[in-house]
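> Chains as they are written, first to last, in UniProt numbering: chain B, 1 to 292; chain U, 1 to 536; chain D, 1 to 514; chain S, 1 to 310.
It is worth saying that the hints were derived from the structure and are not from the lab. Warning: the hint list may mix true and false statements.
[Claimed, not checked] A short list of chain S residues far from chain B (calculated; beta carbon distances all over 12 Å):
# : residue
1 : Val3
2 : Phe49
3 : Glu50
4 : Gln83
5 : Asn86
6 : Thr101
7 : Trp125
8 : Ala264
9 : Thr295
[What the hints assert, rightly or not] On the chain B side, residues computed to face chain D include the following (Cβ under 8 Å):
#  : residue
10 : Ser7
11 : Thr38
12 : Leu41
13 : Leu58
14 : Ser90
15 : Gly225
16 : Pro230
Virtual Cβ for every residue (Gly too), placed ideally from N, Cα, C.
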Amino acid sequence: MSALSRSPVALLGLALVLAMGLIALLAPVLPLPSPTATSILDTYLPPSAEHWFGTDALGRDVLARTFWGARSSLAIGLGIVVIGMVLGVSLGLAAAEAAGSLFEELAMRLVDIFAAIPVLIWAIAVVGIVGTGATQIGPVSLSNEAKLVLLVGVLFFPGIARITYGLALAELKQEYVDARRLPGTGSAAILFGDVLPNILSPLLVQASVLVGIGIIIEASLSFVGLGVQPPMPSWGSMLADSKQTVFSGEYWLSLFPGLAIFLSVIGFNLLGDGLRDLFDPRRRTRLPKETA
Amino acid sequence: MDALLQIEDLDVRFGTFHAVRGVSLHLARGEKLAIIGESGSGKSVTALSVMRLLDGAARTAGRILLQGEDVLSLSASALRQMRGRRVAMVFQDPMTSLNPVFPVGRQIGDVLAAHTDLSGAARRGRAIDLLAQVGIREAERCLTLYPHELSGGMRQRVMIALAIACDPALLIADEPTTALDVTVQEQITRLLVDLCRARGIGLLFISHNLDLVGEFADRIAVMHEGRIVEMGEAAQVMGAPRAEYTRKLLAAIPRIGLPGEGRIPDTPVVLETRAVSRAYPRARSAVARLWDRRQVQALRPSDLQVHAGQVLGIVGESGSGKSTLARLLIGLDLPTSGTVLLQGAPLKPRDRAGRRALSRRIQLVFQGSQASLNPRKTIRRALSEAMQALPRAERRSPGALMELVRLDPALLDRYPHQLSGGQRQRVGIARALATSPDILIADEPTSALDVSVQKEIIELLQALQRDLGMTLIVISHDLGLIGTICDRVLVMRAGAIVETGEARQVLTHPATDYTRALLASLPKGLAGRARFASPA
Amino acid sequence: MLSRRHFLATAASLTASLAGGFATRVDAQGRKVLVATIPSNPSTLDPLNQSNHDAMAVSQLIYQNLLEVDVDGNLVPQLAVDLPEISEDRLTYTFRLREGVRFHNGAPFTAADVKYSYDYMLDPANEALRRSYWTAIERVEVLSDYEVRFHLSRPYRPLLSSMTKYMGIFPQGSREAAADAFQSAPAGLGTGPAIFSEAQTGAYVELLRNPDYWGEAPDWDVVRFEIAGEANARLAALMSGTADVVGGPAARDFLRLTAEGGGFSGASKPALGAAMMLMHNCAKAPFDDRNFRIAVARAFDRAAIAERIYGGLLEETSVLVPTASALHSAEADARLSMDLEAARAALADSAHAGNAAFELTYPTDAYLLDVRDTALYIQAALAEVGITVTLKPLETGQMFGDIFGGNHQSVLWAVVGTTDPTFIMNALFMPGQSLNVGTGFSSEALTAAIEESFAARDEDLAPILARAQAILADEAPAAFIGTPKAFNLWGADVTEMPVNTGITLRLRDVKLAA
Amino acid sequence: MPVLTRLASALMVLFVVSAMIFALTRLGGVSPARLVLGADAPAESLAAFEAEHGLDRPIAVQYLAWLRALPAEGFARSYVTGQSVNQRLAETLPLTLELVTLAFVLAVVGSVALGSASAYGENRWPDHAVRILAMAALSVPGFWLGLLLMRLVGVQLGWLPPVGVIPWARGVWPHLSSLLLPALAIAIYYIGAMSRLMRASLIDVLGQDYTRTGVALGLPARTRYVYTLRNALPPFVSMAAMSYGYMFGWAVIVEMVFNLPGLANALLTAIFQRDYPMIQAIVLLITLVFVLASTAADLIQRALNPRLAT
């Protein structure tokens, strides 16, 4: 954390991310009106002291919906990346450790296959086919949001697996890994105890950027009605709601959720950028360059 | 004075780091000046400032006169005219210095196009000439090759061809042979010296190797911490050094002594290999191996014996299979055929118990670069992890291990990057000693270290071997090092053992041409000057 | 060098002149083009199978019927010369047909074509979507080339009003000759003012003026229906001048643009025979429970929907018959007015008190009206009384699939019928009628009332319908919300556009600026 | 050989994707027979329909039959509209290809220009400006920007047609201009992402030893730019090609917003119509484009990198 203070970019990113996270966490505690309660007589009120962000077509408080929307939007963005990281890191590490084996080959071909599936199209198609309602898989009932997280998370894993694999492969060639193997330390202990901590920084950079993409994917799917389902607000579905005001001037309906997406995605991107600058050793030892 | 290059009071700072402090030197037309120094001494920065190749972050003061013109005040276009035309440079790593995506011919052609009016065909002809001059036999074919298709020595020859393409008056060579094998190192040095002599080019040669420059340099400047501590005729600097630092450097050079006047006692064999070989499949992926069954023979069937309590040196150039052999001996890798016997019993490194038992018998000391210690773990942690193979009762305190390698136990809670190279290597040795092994294998234990530190590490290893009565196997490309400390020597080439015997015997009366060539190409300091007296 | 200001000015005028080139008023061949954007793609252009009034706007320019409804809602002749002669027992209807009318393929229009078309539609094998509305017809008799008589098996008052929209006369033998053409490329098959030219699914349908049209020639040479599912896209097309007429504009946009002026005009008119409702599937839980239906019907505020969401372009009613109609029963209506207490009580009495939840389907593309906001409002309103609503937006065609398959629980949509006051009631609640599978509801009393109405004269209708409305209030088989008005919105190039009470765009009579 | 293995794995991808999508369409939701026959179709006719289309057979058998028919007959008929899926694809694919290609061109040209300006002005104002722009471009949802552009440029300023597509027949510029706003809405993210990559890649190459060699040899600036760009290109090419595939995904939303009757819009319609054969065909087609793009990227990479070429 102290390293972060050296990068104003990362700090700004972190501040934005934390602010958004705080909003998401505190939404239920803050003295906000219910995000789903309609007040049909108070539709399309512009921002005022009573409704800071105005109200929407059904008289719902846009501030409350933006804050509550942070919960679904961020949770989905983070959820996607968590799934992708867990799968990608495990497979990437295992494949690197098994370099040269049939397992490595199979694992990396699997990665190739999943990497060749266009995320958004696939997500749209699958949600479209299985429907936006809850899907029953055996004893588990998956909400549409959970389906989305699983689906997009699975499609995020190949990228993470490839990065992990490449980094781990290089790391496993380091002498200290051999030194660990000498006293008979097991593969898992080496992979998770030595290799992973050393390659975590670039992975975190990647994860941070992916969260941003995840948020945009959520927004896109919700925008076409295949994401977060009403009445639960999400930034994407709020933008979808605001479509009907594009030409009529109730700017607050699209401004606030749009800004929320923008700020949180830029937050994660800045955080990723800042972390990259901090972690990238090439940034520290600069090669001589032309002065002219 | 007919000064080609005159540096006056050069001062270079990078932020708070004062890299070069008031360096003054001059170089006459056709003269060969060598700058010697360890890493961080400021020698490369000095060289780069002559070409004004330093990063924008560098703040430079002083004067650099090239043929009377102040380089530091040249305009951008004048600077471009100067570079490559009047002064050129050969860099350390020929692999990274050549543009990887264009064939050699195009790269030479572009340099010629930049500084001459030659037509395309004329440029091509000149490029073939140049390649022939730097000793490339199939010059015409070489034009179409990419850098990665050339060997290290060939690449450096191409780099030299690029540098001399437009007949510069001054050639700066920044550690031009450091990345090369000894035998190639000699050829490249000779090529540079001969070319400069033949064309009257002034040569500024940057190196860390005193013995190497002692063979050909007219004058030598010794740099230390940004200053020139001594400068003079080669014979004087090498023969009668005035500066304390120069003396220290000279003393640190490992020279083949004639170890052990008496006979080496016959002790029992503790470790041996029987027809051990190692081959790797050419195809990397498991699927490709289904049809591509070709193999790369990293180690041909080899027999070797290691005698208890003795020091065995394994010497060879890169790709000779010496590291493969080391990994087989310690069980990090399994042989394709043959067996490794530890006191007559085959090595069982696969299961955890076998691995643990083995680690109490044999240990490995790594190169000692940054990578030999996990950067995220403290020294204490690294040492205690190494003792995992031991029952709890037998584990030693990390502090005791530190004292064994003469390190301050206060360093235990530091991270590897907070240690110097020499300290890190001591930690590496301590880690290997943690399980009190009978046999210690040191794989290139000094190659990542500065000359002055190398000596300390070698002495430490020698002392430990003697005091603890260990068997020591030292693997190195450096014949000097092997010759200094080993009882027996094993010479490897292209995956095979070509010669083996008592050190004195092998180093004084080599039985094979290869060993002879290796010995011959060792830089010999002033003693080698005769070789460079006239063109080969 | 250009100054910045100069550059910007040049760029602006350049792009503006280029943008002028986008306007569609007159095309390269000098033809007057009328562009209308409609919300959904006609899934078929077959006049017998029109499930969607957007498609009807297209097919009614191609095909014609014996009768039509004028802009004021009166029955007037179309391919007939005058209104039919009806026998005393109201079982035979005799039409005199217009002479000199030709189909687009050049064949003359005669009574044989009328008989052919009706016979084809009545044959169950041909699976005409609305065959059930016509089952009263026993046979069609050709009296002469220009005289045709319909024989009915029972008195059926809605017959004539149905003839205005759910049928189309096509030439004898055309079904056998060009079975597929009716679906997507009906060239040469109608008698109407426009001839099918070309179409691309999901993109557009283009029709050309029929040069041999028997009636008053339309003011345009080409009519292009651009399909735009997004209300925004339709509006943007209108506002940028690429479209002249917008079908199904959002109520707010309609009100705003007509109020602001700015070259846009529009008009609205009470629609006859239309209803917006939650159409429950009473054959399935939870709507098999009357109390549950009552709870739903009383849990939301119809006036709020009518005023706040539709800005008055919807007239509230909870009993199907429009408030404005003389046949409206205010007493029945009051029994389903919003009352949260009553709704909670009804819910508590229902079998689904513990887990009150259902799936509400609604069309994603604005079909007649954009119902999305209403759906969201109802979701929130029902949540107040403890009923969880899951929204299920579907494309209109798909929504019909659900309805006709009986797969839905409840559908929020607007249904449009004919000018006959019992038409929708019949379609929804009469066993065997097209939408009955969608409501899954019928009662002997209601069936009796409807059948009685078929035989009744107009002046005797009021007490019968009062009875029917009482049943609707009592059983609440559908939660009626209101009667939508017909409203059209058009741009400056349109000088005259009559609003059709039947809700479809009536482009035949549109007049364009010179 | 690498080319062959690459193509083999591309085929593998298509096989797996088609199998997955096939399974999904068959496992979930309503029977296609019900969707087609709808209304009050009796059980016998449902069964007859299923028998006719082979829907009563095991999924694997259906899949193989579908696969076998693919090369000869292409895709089947849509259950919903009864229209030939082939014909529908032929109608809609060209527009989407145009749109995505236009977006791609915008993204490549924009990002090479911006990335180069940024890298060569590292840590000076052009760099800061480009980095801020690129970061903003990465963070704004394209469809939202599309709506704003539609309102501002299309309706308020009237510079470009806000919605719909103007056919080629009415001129090249009117046609392209009608695709410009949606293309920009798609491209904006990639202009951000690719210019960042271009910058990073150029800066990396600028820091390499061989770049210093070029300077040390006094090569002119233009030659050095060629050297640098050529070395910086491989990662950029790879990202650009992948982006081409990804852009089809964003096209779904952008085509909807701008009312373009393209392939992506057809997918959305097909989804809301549960038109399984259509969904299947479109997803497969887009995956095909995606796989082709990444295969092309791989091959170009090989061509660009002499170390991989041999």
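> It remains to establish, for every hint, whether it holds in the given structure.
Now the hints, each set against the structure:
With a least beta-carbon separation of about 15 Å from chain B, S:Val3 lies farther than 12 Å from that chain, consistent with its non-interface assignment. With a least CB separation of 20 Å from chain B, S:Phe49 remains clear of the 12 Å interface cut-off, as annotated. The beta carbon of S:Glu50 sits about 19 Å from the closest Cβ of chain B, which is more than 12 Å, so the claim that it is off the interface holds. With 12 Å as the threshold on Cβ separation, the claim that S:Gln83 sits away from chain B holds: the shortest Cβ distance comes to roughly 19 Å.
Non-interface status of S:Asn86 relative to chain B is upheld: no Cβ of that chain comes within 12 Å, the nearest being about 19 Å off. Remark: the non-interface label on S:Thr101 is consistent with the geometry, its nearest Cβ contact in chain B lying 16 Å away (cut-off 12 Å). S:Trp125, annotated as away from the interface, keeps every beta carbon of chain B farther than 12 Å; the closest lies near 17 Å. Interface exclusion of S:Ala264 from chain B breaks down, the closest Cβ pair being 8 Å apart, not more than 12 Å.
Consistency note on S:Thr295: stated as away from chain B, yet its beta-carbon is not over 12 Å from all of that chain's, at 9 Å minimum. Because the beta carbon of B:Ser7 sits about 37 Å from the nearest beta carbon in chain D, more than 8 Å, this interface hint is broken. About 4 Å separates the beta-carbon of B:Thr38 from the nearest beta-carbon of chain D, less than 8 Å, and the hint is met. Because the smallest distance between the Cβ of B:Leu41 and any Cβ of chain D comes to about 7 Å, under 8 Å, the interface hint for this residue holds.
The interface hint given for B:Leu58 is met, as the beta carbon of that residue sits about 5 Å from the closest beta carbon of chain D, less than 8 Å. Restraint check, B:Ser90 versus chain D: the minimum CB separation of about 36 Å is more than 8 Å; hint violated. This hint holds: B:Gly225 has a C-beta 6 Å from the nearest C-beta of chain D, less than the 8 Å allowed. Because the smallest distance between the Cβ of B:Pro230 and any Cβ of chain D comes to about 5 Å, under 8 Å, the interface hint for this residue holds.
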